[in-house]
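Undergrad: If you read the sequences in order, they're chains L and S. Sequential numbering of the first sequence, starting at 1, is according to full-length UniProt numbering. Sequential numbering of the second sequence, starting at 1, is according to full-length UniProt numbering.
Derived by calculation from the structure, the hints in this document are not laboratory data. Worth double-checking, as some hints may not be accurate.
Copies of one chain are not kept apart here, so a pair can be met inside one copy or by any two copies together.
Unchecked claim - Distance condition first, Cα-Cα at most 35 Å in a straight line; then the derived DSBU-like pairs of lysine-lysine:
1. 109 - 9
2. 4 - 155
3. 95 - 4
4. 95 - 62
Please read these numbers as outputs of a predicted model, since none were measured by experiment.
Number of protein chains: 2
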Amino acid sequence: MPVKPDILKVTATAKSRLFQVEEIELRFSNGVERTYERLATRGRGAVMIAAIDEQENVLLIKEYAVGLEDYLLTLPKGLIDPGEDAIEAANRELKEEAGFGAERLEVIKQMTSAPNYMGHKITSVLARGLYPCRLEGDEPEEMEVMRWPLSQLDKLFQREDFSEARAIAALYMIRDKLKQE
Amino acid sequence: MPVKPDILKVTATAKSRLFQVEEIELRFSNGVERTYERLATRGRGAVMIAAIDEQENVLLIKEYAVGLEDYLLTLPKGLIDPGEDAIEAANRELKEEAGFGAERLEVIKQMTSAPNYMGHKITSVLARGLYPCRLEGDEPEEMEVMRWPLSQLDKLFQREDFSEARAIAALYMIRDKLKQE
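Given these sequences and hints, build the entire structure.
TA: Put into structure tokens, the structure is as follows:
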């Protein structure tokens, strides 16, 4: 691997309730200096859950995404709470957002979103052995749950209201994994 | 689709050179009110390019990602400049970051990254008919370019230094598309 740049200075430049912006001064190994901005990373990361039923359907939720000001189809997801690991967080979020618990959960991959601008990580989790179980979460409204056949991912990804790269990546990885089992 | 929440108020709460944070007050159709924060969306979006050579290898770049403070393997990508469309931006970024132009480019899908927190969109582009051509970009150092067989994506995604969800999603979509051609 190349030699990493030296970090010369990190300065907090803006702060809101949720976000904190840092300016970071770097010197690359060739001597070039650059100043970048990034979002500071706080918390324990997030999980995204692909819950697969006995008929090889995946559970999707319809959720309002304030960044797009629209409802989107996506996978259940959420932040890892203090004291939880990724598996525990995944089972809790699945119960809160989709109304199901899972008997078998396994980590698929830790993914990054926009690593040039933030360090945020999300762990995709495969959940199987589903049973009805609803936990009260902090959602402002109940989410509509839809089942979609894993064999028809191409049709799902053609939909304009299914656009989240992390969900597309997670579903393909899981489809490939299940084919190999 | 469900009835969208009413947007009661949008307030700018923090601003840096690159980022602007907004607080947004909503009333959902069930009457529940919530206040969220999101990053304001500026600019024309971004492109991510999967350039495939005659042997069905994809061109990867090794790039320093300041959000993770490490080098990552990923696809060439960048912001769409004023006056460009996604295809033009893709061909320019490919020349700047990988040193290749493409005779045939096509849009695969417009993807979102973290739509609960930002409206940013990135368009994945398939590039074929590659020829050597380097444009000077704003990169602080020359990027190492690596060719990876499309038939071995599973091995690529097992690597810890290949983690970007948007790149995983783009490569799977393109592999599926090429299989069907």
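Undergrad: Are the hints correct? Go through all of them and say.
TA: Against the structure, the hints:
{"no.": "1", "hint": "109 - 9", "in the structure": "within (32 Å within a copy, 38 Å between copies)"}
{"no.": "2", "hint": "4 - 155", "in the structure": "between (42 Å within a copy, 25 Å between copies)"}
{"no.": "3", "hint": "95 - 4", "in the structure": "between (42 Å within a copy, 24 Å between copies)"}
{"no.": "4", "hint": "95 - 62", "in the structure": "within (15 Å within a copy, 39 Å between copies)"}
In this structure, every one of the numbered hints holds.
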